[in-house]
Amino acid sequence: MGITLLAILLLASCSGGNSRLTPDGLDGVRLLEGTSADSVRLTASGNDLLLELQPGSRGAFVEITPPFDARYFDEQWTADNDTVHLVQPVGAKLQIGVAPTREYSGQPVSLLLSRGETDKSASAPPDGNINKVQDLSVVDIGNGQVRLEWTELNWADYDHNGEVGISDLTPLGINLGDNGPWQPTEPGYWVDGDGNGLITLADITPIGQRYGTSVKGYSIYRVGGSTPPALGKLQYADSADAIKTTGLPRRYSVVLDSPPDGTFTVRPVDFGDLEGIESVAAVLSSAPNLEVNLDITGQMLYDQNTGLPSTFTNDTVILRIIEDIKEVNAIEFGTVTPLANGQFSVSGLPQGQALFLQVAYVPTVDLATGGSKAPARAISGLNRRVSEIPEGAEVTTIPIRLPVGDDPVVLTTAIDLGMSNPSGGFFVNLDDTQDIPGDNPATPAIENGYTVQRDLRLNYVDNLLSGDTDSDLSFVDEPELRDSDRDCLSAKREEQVLDDDDAYESRPEIEIEGTVTGFDSQNGLIFLTNAIVEVGETEKPLPNDVVVYFTEFTPFEFRDKINDTEGKLNPDDILAGDLLKIDLYALEDTGDILPTKYWVEHVRKVIDN
168 MGITLLAILL LASCSGGNSR LTPDGLDGVR LLEGTSADSV RLTASGNDLL
218 LELQPGSRGA FVEITPPFDA RYFDEQWTAD NDTVHLVQPV GAKLQIGVAP
268 TREYSGQPVS LLLSRGETDK SASAPPDGNI NKVQDLSVVD IGNGQVRLEW
318 TELNWADYDH NGEVGISDLT PLGINLGDNG PWQPTEPGYW VDGDGNGLIT
368 LADITPIGQR YGTSVKGYSI YRVGGSTPPA LGKLQYADSA DAIKTTGLPR
418 RYSVVLDSPP DGTFTVRPVD FGDLEGIESV AAVLSSAPNL EVNLDITGQM
468 LYDQNTGLPS TFTNDTVILR IIEDIKEVNA IEFGTVTPLA NGQFSVSGLP
518 QGQALFLQVA YVPTVDLATG GSKAPARAIS GLNRRVSEIP EGAEVTTIPI
568 RLPVGDDPVV LTTAIDLGMS NPSGGFFVNL DDTQDIPGDN PATPAIENGY
618 TVQRDLRLNY VDNLLSGDTD SDLSFVDEPE LRDSDRDCLS AKREEQVLDD
668 DDAYESRPEI EIEGTVTGFD SQNGLIFLTN AIVEVGETEK PLPNDVVVYF
718 TEFTPFEFRD KINDTEGKLN PDDILAGDLL KIDLYALEDT GDILPTKYWV
768 EHVRKVIDN
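Under the numbering used here, the residue at position 190 of the sequence shown is numbered 357, and the numbers go up by one with no gaps.
Be aware that one or more of the hints could be misleading.
Unchecked claim - Below, a list of computed lysine-lysine pairs in the PhoX-like style, where the Cα atoms sit at most 20 Å apart: (1) 707 / 735; (2) 659 / 764; (3) 400 / 411; (4) 728 / 748; (5) 728 / 764; (6) 735 / 772; (7) 764 / 707; (8) 748 / 735; (9) 748 / 772; (10) 707 / 728; (11) 383 / 400.
As the list claims (entries may be wrong) - Cβ-Cβ distance ranges computed for the label pairs, FRET-style: (12) 306 / 248: 47 to 53 Å; (13) 589 / 248: 57 to 63 Å; (14) 684 / 539: 46 to 52 Å; (15) 678 / 735: 17 to 23 Å; (16) 558 / 203: 46 to 52 Å; (17) 678 / 234: 54 to 60 Å; (18) 235 / 708: 29 to 35 Å.
The set of hints was computed from the structure by calculation and includes no laboratory data. In this text the structure is predicted, and so the values were computed from the model without any measurement. Note that the Cβ used here is the ideal one computed from N, Cα and C, for glycine as well.
Could you build all of it, start to finish, from the sequences and the hints given here?
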């Protein structure tokens with residue numbers, strides 16, 4: 168039976184329907200999302216099913232019970248021009264949906280289903296950073312009450328009915344072909360499931376990945392504060408009470424009794440009463456929780472307001488604080504207030520999570536060649552969910568993490584653009600010092616504050632970044648990692664910052680000993696064979712070869728047992744056949760011999776007989 172294809176998309180969880188259709192004696196046929204019986208025909212031939220659908224203005228959606236395992240199916244669509252569709256296994260059933268685009272001409276669409284070899288069941292955990300509420304805010308409204316506000320996040324719930332399912336094909340079909348950039352206040356922003364600025368058939372994939380993920384409301388927690396009552400869950404906010412706007416996710420605005428201080432979070436609650444990922448924290452305080460002292464030297468900069476050359480002032484830079492969420496680009500946090508030149512205060516930042524301070528500036532010279540450079544051109548909406556960055560601006564990124572509490576982190580940053588690079592142009596030297604209140608998670612001592620200081624050098628021409636791992640103010644013999652976007656943050660370091668939960672030091676230290684088979688300095692990778700993992704007094708051989716990553720801040724050392732010497736090691740001196748010992752801390756406990764995520768403490772080359 169020859170038939171081609173139509174569709175690509177859809178399916179949602181359980182919408183209401185009825186069973187008026189009983190084609191060829193098959194049981195379990197259900198009409199979904201208001202689909203009429205006269206728009207569906209299902210016939211069977213052996214183990215094959217032929218489904219004919221006539222999409223209305225909102226689409227056609229059904230659920231069937233196939234004569235084979237619903238997880239294993241092949242699909243062939245015919246006459247599916249200008250439609251979007253999806254076949255999704257849900258238990259022992261298949262949910263099938265077809266939605267028209269603006270160009271759909273009204274033709275019937277056919278789908279041939281047969282037994283397949285590949286498991287196509289969806290995996291959609293109701294969690295993950297993509298569903299982490301980012302815009303939680305809290306204000307004191309007096310009389311012992313506060314107001315919390317936030318936007319619901321259930322990514323791929325394109326129709327915002329609280330559940331990712333078959334009905335989300337309809338807004339996808341309506342908006343197919345539209346392109347951004349969009350702001351979060353525009354419906355297209357939320358239908359662009361892969362966040363690439365264009366609504367295409369690829370945006371069906373997030374529906375399948377998160378199929379069945381639901382939100383019926385949020386639990387509200389007070390997780391910090393010096394004033395009683397005790398911390399914990401305060402109340403539940405039902406989605407039925409949220410503010411609904413067509414094409415946009417629900418907005419929550421909740422008034423509750425609370426002391427005039429504290430830190431608050433919310434967690435989504437699904438239809439099964441399970442809680443999802445915790446939101447960013449909102450702090451009930453007008454005091455800044457980040458103070459920035461900034462200086463840029465070595466080159467003249469363009470004033471962001473006048474476009475004229477200037478020495479460094481607050482008007483020559485743009486500051487923003489973001490969290491890197493790769494699926495939907497960055498989200499901006501906090502309120503940045505310029506003070507005296509070189510000084511800024513930032514309030515309203517979430518605490519206890521990785522953030523990135525970005526400094527955008529435009530030198531009057533090309534850092535790659537040393538030649539003159541024209542002022543950057545501002546492009547509205549260049550980056551979604553973030554303040555505008557001029558096209559052609561340099562961006563320096565500094566990871567930060569604010570501990571929960573009332574005292575601010577003080578960041579002192581100096582960017583030097585004046586050192587000539589023998590390869591051409593100029594280096595970018597970054598001196599970053601952070602004074603952090605509270606206890607250092609990397610030490611067992613009880614402290615009232617600690618300092619983290621880092622120096623970096625960016626070889627702008629070659630896109631290579633080095634850290635001063637031994638604090639000797641020299642970048643000779645330091646690892647050089649690729650920094651393709653020239654923001655003074657390697658990809659491996661960014662991954663490390665995002666994965667770090669500040670609790671790694673409470674876990675056992677792990678040592679890996681193995682023989683080098685390959686060393687990729689620019690991508691931060693070490694390839695080992697015949698590796699042994701040591702945890703405490705226990706040693707276990709790894710059954711397979713292993714790849715260990717490092718960052719621009721990983722120190723390299725050598726230990727020469729023959730001559731009884733040790734010291735700093737140039738990573739370029741690591742060769743195949745060398746014996747390495749690598750100390751690391753686990754960032755998660757998966758039960759595996761070698762954890763998937765870890766923090767590399769240092770790398771040591773051992774020279775022995």
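Results of checking the hints against the structure:
no. : hint                  : result
1   : 707 / 735             : 28 Å, violated
2   : 659 / 764             : 12 Å, holds
3   : 400 / 411             : 25 Å, violated
4   : 728 / 748             : 14 Å, holds
5   : 728 / 764             : 31 Å, violated
6   : 735 / 772             : 10 Å, holds
7   : 764 / 707             : 18 Å, holds
8   : 748 / 735             : 14 Å, holds
9   : 748 / 772             : 6 Å, holds
10  : 707 / 728             : 24 Å, violated
11  : 383 / 400             : 17 Å, holds
12  : 306 / 248: 47 to 53 Å : 52 Å, holds
13  : 589 / 248: 57 to 63 Å : 59 Å, holds
14  : 684 / 539: 46 to 52 Å : 47 Å, holds
15  : 678 / 735: 17 to 23 Å : 20 Å, holds
16  : 558 / 203: 46 to 52 Å : 51 Å, holds
17  : 678 / 234: 54 to 60 Å : 55 Å, holds
18  : 235 / 708: 29 to 35 Å : 43 Å, violated
The earlier numbered hints that this structure contradicts are 1, 3, 5, 10, 18.
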